[in-house]
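Q: Given next are the chains, with one letter for each unit.
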Amino acid sequence: DIVLTQSPATLSLSPGDSATLSCRTSQSISTSLAWYQQKPGQAPRLLIYAASSRASFIPDRFSGSGSGTQFTLTINSLEPEDFATYYCQQRSGRLPLTFGGGTKVEIK
Amino acid sequence: QLVESGGDLVQPGRSLRLTCTASGFTFDDHALHWVRQPPGKGLEWVSGVTWNGDSLGYADSVRGRFTVSRDNAKKSLYLQMSTLKTEDTALYYCARDINNSGLYGSDFWGQGTLVTVSS
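Just so you know, the protein sequences line up as chains A and B, in that order. When we follow this note's numbering, the leftmost residue of the first sequence carries the number 30, and every step to the right adds one. When we follow this note's numbering, the leftmost residue of the second sequence carries the number -16, and every step to the right adds one.
Excised from the complex, chain A in its bound form (with noise of 0.2 Å):
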């Protein structure tokens, strides 16, 4: 299986901040990667397919980058609604289509 590991597990920011989320990949995933956001009691919501192309109705302050094992999301100017818990998941079409642990982004 692919393991997917995303640091760090927290991140305490304030609004106006920058934010770096970071997903490493066991193995090299090409740039078949997706991020995702979820906030307490509600589903996830597709922000980042391909490693770096925005889903529909994505805000422009969240960006993605990154190939091969390293990937990464980036927030520009966090608004208050942007605190919530970030998730990637590989799309290699290698099964199973893992996800990582998760990154909390909380209000400091």
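To be clear, the hints were calculated from the coordinates, so they are not data collected in a lab. C-beta atoms are modelled at their ideal positions from N, C-alpha and C, and glycine is treated no differently. Keep in mind that the hints are not guaranteed to be accurate.
Said to hold, decoys possible - Here are some, though not all, of the chain B residues that point toward chain A, as calculated from beta-carbon distances under 7 Å: (1) Phe8; (2) Phe10; (3) Pro21; (4) Gly23; (5) Gly25; (6) Leu26; (7) Ala42; (8) Tyr61; (9) Leu74; (10) Asp90; (11) Trp92; (12) Gln94.
With chain A fixed as given, assemble chain B onto it according to the hints.
A: Showing chain B alone in chain A's frame:
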């Protein structure tokens, strides 16, 4: 819209069938998945299926016990769960992929149905 149903409180070793019913989009244009989330924990991909019903496989933790299927005429996705264990307790989400390739991600999710396995 994706609406999951069938979640319940069941005893270990019993079976349960989850259903996800879709509306508002062309059902057979998309691969579909089941993803679960134990209370207070992260997301776990369970299983998926292509537009024509071919399985995309299973998580190691459920392989041999769970079976995924879909009925395009009924716009429904199913998860047959057998020999349930306490560790199967979770909120089970149905999720729709961007397209049928399986390579991009799930852009639409239901609100989930809760499965509790306990004696």
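Q: Which numbered hints does this structure break?
A: 1, 2, 3, 4, 8, 9
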